[in-house]
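Chemist: Going down the list, the protein sequences come from chains W and E.
For the first sequence, our numbering assigns the number 1 to the initial residue and increments by one for each residue that follows.
For the second sequence, our numbering assigns the number 1001 to the initial residue and increments by one for each residue that follows.
What the hints contain is simulated information worked out from the structure, not anything from laboratory work.
A quick note: this is a predicted structure, and the numbers were derived from the prediction, not measured.
We put the beta carbon where it would ideally sit given N, CA and C, even for glycine.
One or more of the hints may lead you astray.
Which chain E residues face chain W? A few, computed with CB under 10 Å, are given here [as the list claims (entries may be wrong)]: (1) F1071; (2) K1115; (3) R1196.
Straight line, CA to CA, 25 Å or less: simulated BS3-like cross-link-like pairs of lysine-lysine [what the hints assert, rightly or not]: (4) E/K1089 to W/K48; (5) E/K1161 to W/K144; (6) E/K1104 to W/K79; (7) E/K1161 to E/K1131; (8) E/K1131 to W/K68; (9) W/K68 to W/K79; (10) W/K70 to E/K1131; (11) E/K1120 to E/K1101; (12) E/K1166 to E/K1179; (13) E/K1101 to E/K1123; (14) W/K50 to E/K1090.
Stretch by stretch, here's where chain E covers chain W in the computed footprint (C-beta under 8 Å, at least three residues) [as the list claims (entries may be wrong)]: (15) 19-32; (16) 146-158.
Take a look at the letters that make up each chain.
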Amino acid sequence: MNNLINKVRLELLSSDPHRALRLYLMIAFVDLVIFGFFGLYFSIASLKEKNIELKNVKSEEELLQIKKFKLTDAEASLKAARDIIPTLNERIPDQPYTHLFLTDLSDKAAAAGYTLTDIQTYEADDHTLQTSLRFLGSPSEAYKLFSVLESTSRLVAVSGFSFFPADPVVEPRIEAFIYKVSDTPLDLSESLNGTIDVEFLTEELEPAL
Amino acid sequence: MLRKLLPKLNLNLNPKPKSDPGASQVVSQDSSVNTPNLLDSYEPDFMHNYNFLYKAVNSLKLFIIFVPALFFISLFLNDLTDLRISVAKKNIDRLNTEITKYDKVGREANLVIKKTELYKQVKASYPDISKRVEWLMTQVPTDTVLEEIRYDKDDGSVEVKAVTSKALNITLLIDRYFKDDSISEVILESTEFDSRTQSYSSTIEVVYE
């Protein structure tokens, strides 16, 4: 069989090499059209699209890996800060709980010799409640009121005050902020907005335990 | 083979010069040179073309094999990319399933992170005022009365109005205030002498670092 093929080849080439060349040219042309244009062209176009899709899928996978890592890290941090978190929730609750704050403040102010005579609160923004407080008591020792405010279970920031130490008629006035952060559903399509700073929480809140 | 060669022999008495390579002429033998071996003087014309055609046909054969090979390689790469995409998508599904289990953890962590950030901001923006006010109110010399003490966060400084019968007490008050390392400036804004009460009334601004 091989001999026959070789013989035909030799005869073809030797008898009419131009014919052989034409034949192979024709085969090459058909080959180019079928495998080159219809085959290779569309295959490469498809490969390009798939590479783009692969790139997008890979980056999504990477983001999810990072998110999962952050969540496992957050779980470990929550375990480490388990004892401190209730104190944080007291300092910054998810609701205003102004009545609880006022009750606490009145009790502690009374213990220091002051009476809460007036309070006005309003929401300054989503997280902040502005309060205006007036006390009846010795104005010359009104600095004690700050210790009272700090001893409440809430995080309080004093934004202003005015005392008239020499005038017992004028009541000391303090402007302060208290805070709240509401629980919002976590959008799992987004990553966590940071990490839990256990060290800071331990430093700030542990003495209160 | 020799039978085929013989008719192509062309006995030319005037051979063409060798510097004419393009001519596919049969080089004839010189009549003055007689050689018994016909093949010595014979150079079949198709031998020269045969090499070129042989190379051309071989190149075409390579081309005919090469193009489909490329096509099949691209098909293989397409399949490989499809496989990688499907593996990545399975990973994404797995990660999404795992992440949904962390929903509760994520919510709690997010809340703790928000509260911690707010806590940090408040502590940075609102310094501890109680010790400062206590210092200001307890450093008053004898014969000096604090009429008013006022603080506004926007200014950041504390304004003290003191009344005394001796001007020296004002300087003493300022000197004592400076002993607090957290105070950067003490500004005597104004001093008035009230001839009716024979007393000096001064307004002092205390600036903290």
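Chemist: Checked against the structure, which of the hints given earlier come out wrong?
Modeler: The structure breaks hints 3, 8, 10, 11 and 13; every other hint is satisfied.
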